[in-house]
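Quick note on numbering: the working numbering labels position 398 of the sequence shown as 398, and the sequence is numbered without any gaps.
Simulated from the structure, these hints should not be mistaken for laboratory data.
Bear in mind the structure is a predicted one, so any value in this text is a computation, not a measurement.
Treat the hints with care, since some could be wrong.
Claimed, not checked - BS3-like cross-link-like pairs, simulated, lysine-lysine; straight-line CA separation at most 30 Å:
no.: 1; residue 1: LYS198; residue 2: LYS270
no.: 2; residue 1: LYS198; residue 2: LYS89
no.: 3; residue 1: LYS147; residue 2: LYS232
no.: 4; residue 1: LYS227; residue 2: LYS255
no.: 5; residue 1: LYS348; residue 2: LYS267
no.: 6; residue 1: LYS181; residue 2: LYS147
no.: 7; residue 1: LYS348; residue 2: LYS255
no.: 8; residue 1: LYS232; residue 2: LYS198
no.: 9; residue 1: LYS198; residue 2: LYS147
no.: 10; residue 1: LYS267; residue 2: LYS255
no.: 11; residue 1: LYS375; residue 2: LYS248
no.: 12; residue 1: LYS227; residue 2: LYS198
no.: 13; residue 1: LYS198; residue 2: LYS181
no.: 14; residue 1: LYS232; residue 2: LYS270
no.: 15; residue 1: LYS227; residue 2: LYS147
no.: 16; residue 1: LYS375; residue 2: LYS70
no.: 17; residue 1: LYS65; residue 2: LYS375
no.: 18; residue 1: LYS248; residue 2: LYS267
no.: 19; residue 1: LYS375; residue 2: LYS348
no.: 20; residue 1: LYS147; residue 2: LYS89
no.: 21; residue 1: LYS181; residue 2: LYS227
no.: 22; residue 1: LYS248; residue 2: LYS270
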Amino acid sequence: MRRKLTVVVGALLGTLAAGPLVVAPSAATPTSTRPSAAAPATFTHPGVLVGTAQLDLARAKVNSKAQPWKSAFDAMTASNYAALSRTPKPRAIVECGSYSDPNYGCTDEREDALAAYTLSLAWYTTRDSKYADKAIQIMDAWSATIKDHTNSNAPLQTGWAGSSWPRAAEIIRYTYNGWPKGRVDRFAGMLRNVYLPKVINGSQSNGNWELSMMEAAVGISVFLEDKASYDKAIAKFRARVPAYIYLKSDGDLPKAAPGSGLNTRDKIIKYWQGQSTFVDGLTQETCRDFTHTGYGLSAISHIAETSRLQGQDLYPEVADRLRHALGFQATYELGTAPPSWLCGGSVKRGLGPVTEVGYNALHNRMHYEMTNTQKLTERQRPAGSNNLFVGWETLTHAENPS
Numbered sequence: 001m002r003r004k005l006t007v008v009v010g011a012l013l014g015t016l017a018a019g020p021l022v023v024a025p026s027a028a029t030p031t032s033t034r035p036s037a038a039a040p041a042t043f044t045h046p047g048v049l050v051g052t053a054q055l056d057l058a059r060a061k062v063n064s065k066a067q068p069w070k071s072a073f074d075a076m077t078a079s080n081y082a083a084l085s086r087t088p089k090p091r092a093i094v095e096c097g098s099y100s101d102p103n104y105g106c107t108d109e110r111e112d113a114l115a116a117y118t119l120s121l122a123w124y125t126t127r128d129s130k131y132a133d134k135a136i137q138i139m140d141a142w143s144a145t146i147k148d149h150t151n152s153n154a155p156l157q158t159g160w161a162g163s164s165w166p167r168a169a170e171i172i173r174y175t176y177n178g179w180p181k182g183r184v185d186r187f188a189g190m191l192r193n194v195y196l197p198k199v200i201n202g203s204q205s206n207g208n209w210e211l212s213m214m215e216a217a218v219g220i221s222v223f224l225e226d227k228a229s230y231d232k233a234i235a236k237f238r239a240r241v242p243a244y245i246y247l248k249s250d251g252d253l254p255k256a257a258p259g260s261g262l263n264t265r266d267k268i269i270k271y272w273q274g275q276s277t278f279v280d281g282l283t284q285e286t287c288r289d290f291t292h293t294g295y296g297l298s299a300i301s302h303i304a305e306t307s308r309l310q311g312q313d314l315y316p317e318v319a320d321r322l323r324h325a326l327g328f329q330a331t332y333e334l335g336t337a338p339p340s341w342l343c344g345g346s347v348k349r350g351l352g353p354v355t356e357v358g359y360n361a362l363h364n365r366m367h368y369e370m371t372n373t374q375k376l377t378e379r380q381r382p383a384g385s386n387n388l389f390v391g392w393e394t395l396t397h398a399e400n401p402s
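All chains should be built: construct the whole structure from the sequences, respecting the hints.
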């Protein structure tokens, strides 16, 4: 009786948190017509998180001084990530322990990768070759140096940096003619030999780990045009999302990721940070903190966005989970006091600048009503960087239909 009541309450509260639903006729995708896991016959470039049409719209908005894109661009170019004086700090071995302790190159690598992406966006928007050349300098420095990631956080560190590198490389390689082929090939070799092996097999750690790792694997696979790795990463992503975000249709308990060993109620509740009441949009890490939850939701949005650019739109498949999760977290991020059944009546806020991509796709393209997510997204504009793997998404994805 208690379990049945929990699910009913969860359904009601989840619906209230996410807001009413308005769906375009094409938004619901029957199981029989969902896209297969097959990689595209021909990869689209640039096509990791941002594509040509999106970049063109952002550029046009900035050049016309339209908001919020102009303020987003100004914030980006004023950041240290866009500095033309930046000196890259590559290491042969990047060693990252738990919570980056020890931190031997962890911050340097993540920030250099984000800088390369930032500079690539600045290049595309301004067409000033100095930005492209600086991005190339950073990518070349790392591709000439790095050999491995070590210690306990190596998979996550590789996922974070490995998410930013292919975004930058895609833009520079396919929109600028100043990156010599030999160095492009060396960079590709770095992604293939140093990054991809660390992330492609996933992780049974917290869900944000595997989602970030799959984001890196998908982006790298696009840059390398590696269909086998793309297929493997997408398959892991599709299995992990239902294990990260709960829906009442899952039953009394959340789904478990394949191979996780979560085969009892007690194990699942422990893995879900002690939470025993499950509602639409609750994530596996909501009761840990919203910051780590934001990492997972961001990676889900990024992978879905890349898949869409590659002609295999996974948004319809993850839309219901993602829109509920964004709405649920946004409710409390905006200041609503959590009820006693949620995380013991206390949540750790700090979701981060992670809602823009998912909100644009689900609300502006697919026409879901997302009142709380909209309020949070607009309040946070222009979205900056989380200094790990997220950056400048108001510029690239705000109100962007492309």
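Okay, the hints, checked on the actual structure:
no. : hint            : in the structure
1   : LYS198 x LYS270 : holds, 27 Å
2   : LYS198 x LYS89  : holds, 21 Å
3   : LYS147 x LYS232 : holds, 24 Å
4   : LYS227 x LYS255 : holds, 28 Å
5   : LYS348 x LYS267 : holds, 23 Å
6   : LYS181 x LYS147 : holds, 21 Å
7   : LYS348 x LYS255 : holds, 24 Å
8   : LYS232 x LYS198 : holds, 14 Å
9   : LYS198 x LYS147 : holds, 12 Å
10  : LYS267 x LYS255 : holds, 12 Å
11  : LYS375 x LYS248 : holds, 25 Å
12  : LYS227 x LYS198 : holds, 18 Å
13  : LYS198 x LYS181 : holds, 25 Å
14  : LYS232 x LYS270 : holds, 28 Å
15  : LYS227 x LYS147 : holds, 24 Å
16  : LYS375 x LYS70  : holds, 20 Å
17  : LYS65 x LYS375  : holds, 23 Å
18  : LYS248 x LYS267 : holds, 19 Å
19  : LYS375 x LYS348 : holds, 19 Å
20  : LYS147 x LYS89  : holds, 14 Å
21  : LYS181 x LYS227 : holds, 22 Å
22  : LYS248 x LYS270 : holds, 19 Å
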